[in-house]
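Mapping of the sequence shown onto full-length UniProt numbering: position 71 corresponds to residue 71, and the numbering continues sequentially without gaps.
It should be emphasised that the hints constitute simulated quantities derived from the structure, not laboratory data.
Note that this is a predicted model, so its numbers are computed, not measured.
Warning: the hint list may mix true and false statements.
Dumping the calculated DSSO-like pairs for lysine-lysine here, alpha-carbon to alpha-carbon at most 27 angstroms [to be verified]:
id : residue 1 : residue 2
1  : Lys-82    : Lys-104
2  : Lys-318   : Lys-24
3  : Lys-170   : Lys-159
4  : Lys-98    : Lys-82
5  : Lys-186   : Lys-170
6  : Lys-186   : Lys-30
7  : Lys-286   : Lys-318
8  : Lys-184   : Lys-24
9  : Lys-137   : Lys-126
10 : Lys-318   : Lys-30
11 : Lys-133   : Lys-144
12 : Lys-104   : Lys-126
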Amino acid sequence: MMQQILQDMYIEPDLLAELNEEQKQILFYKIREEQVRRWSERERRDPSHAVKKKSESRVHFWLLGSDGEVWVWVMGEAPGDKPFEDIVEELMEERAMKQAQREKCEEEERQRGEEEIRQTEERRAKELYISLKQEEKRSERDDKEWQEQCERTNGMGKKMSSLAALIQSKEITFWTKRTALIQKVKQIMKDLHANYTSQYCLPLPFSPVWIRPPRPNSRESIIRWFEEEQRPRRAGYERSSNTIAAWFHGKDEALLANAAEGCFLVRVSERIWGYTLSYRTTSGFKHFLIDASGDYYSFLGVDQNRHATLADLIDFHKVSWNYRIVLLS
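Turn these sequences into a full structure, and let the hints guide you.
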């Protein structure tokens, strides 16, 4: 599961909430390490993506006057300049002329658009009138042809009536005999099928196939997963006997509330295909997720040690951990 998280660079929020602070820090460190590795590999594969530093910076120069100082011009005060009021008046007149020209262009554009709309409506009305006239002529022609056809067929109507009566009587006789024959054949086939089924066919047991979804979606799916996949692998049993291990239980914090530091219990997780190990500390509880989605058992985000059975994992960490683990009896 750790490999899948590093490959997607994403973890479900509810799964992240199940991790304690130490597991979160380790997971974030692994994700950052994977990001640096991908970036370094990309730089080695295509160096053109490297950031190019600017070789030189911009240089600004100030315009200098005859006295060697920075040249400054104040509008309306330099020799030969118009007064400030005249300059403002000219700017306002120029702006008013531009506004009037803009409004004139908009009015001409609006009138031109209205004329185009009027011409389009007139053209559409003419086309619709021509289409209606053509449809009217076509309808009149079809009515005339239909009337002529009816007159031709009326002459043949009496001859066809007598012929139809004769054919109908013969068809009734034929279908009566055919229906009786079909019923007789159906009864014979039904009797043969009943005899064959009773002698040679046995009912097949129904065995629905259960496909495990990516994550548990209900409590029933977790129970079914444990019964069909984990119990045959002796999950929750002692290593050398058929006895349920004392550390395997469905409840954790309720039983560990009054226990000493170092006591622990293991239960089936409802978040992932695996288990949750609850560990009693001086300040509260620590919960560790055990991944059992593959053919092995390992802690999620803590270490990469894999074990063949759940009992092997528990026995291994009871010895290798620095915590003082005590079996809760």
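Verification of the hints:
1. Lys-82 <-> Lys-104: violated (31 angstroms)
2. Lys-318 <-> Lys-24: With a Cα-Cα distance of about 23 angstroms, the restraint between Lys-318 and Lys-24 holds, given a limit of 27 angstroms.
3. Lys-170 <-> Lys-159: holds (18 angstroms)
4. Lys-98 <-> Lys-82: Distance ~22 angstroms between Lys-98 and Lys-82 Cα, so the pair holds.
5. Lys-186 <-> Lys-170: holds (25 angstroms)
6. Lys-186 <-> Lys-30: Answer violated: Lys-186 to Lys-30 is near 73 angstroms, above 27 angstroms.
7. Lys-286 <-> Lys-318: holds (15 angstroms)
8. Lys-184 <-> Lys-24: violated (78 angstroms)
9. Lys-137 <-> Lys-126: Roughly 17 angstroms separates the two Cα atoms, so the pair holds.
10. Lys-318 <-> Lys-30: holds (25 angstroms)
11. Lys-133 <-> Lys-144: The given pair, whose Cα atoms are some 17 angstroms apart, holds under the 27 angstroms limit.
12. Lys-104 <-> Lys-126: At roughly 34 angstroms apart (the allowed maximum being 27 angstroms), Lys-126 and Lys-104 break the hint.
Going down the numbered hints, you'll see the structure goes against 1, 6, 8, 12, while the others check out.
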